[in-house]
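Residue numbers (this note's numbering): 70 to 138.
One should not assume that every hint holds.
Claimed, not checked - Simulated restraints, written as ranges between beta carbons of each label pair:
#1 101 x 78: 34 to 40 Å
#2 98 x 75: 32 to 38 Å
#3 121 x 83: 20 to 26 Å
#4 77 x 98: 38 to 44 Å
In short, the hints are calculated from the structure, not lab data.
C-beta: ideal position from N, C-alpha, C; glycine also.
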Amino acid sequence: MVDVPARLLHPDEPIERTERVALVDRFGHVVQVAERPRELAAAPVHPWLTLLTCIFLHGGREFFGGEAE
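Using the sequences and the hints, build the whole thing.
Spelled out as structure tokens, the structure:
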């Protein structure tokens, strides 16, 4: 099964993650770990564009030539 990122399947919906924050006393001991929801920032470009650009980033011009040596 292929895991497709949520931004690709639902690009218009906000993505929310749970962030864990350690509450520390003045001696540096972790007193409590709190979890709070955090909404991720919107992507600066359309998510499908990142898939396309990664092909060129890793393959360069050789991408167009295929497996030619």
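Notebook entry, point to check: Can you list which hints this structure breaks, lowest number first?
Noted result: Per hint list: zero violations.
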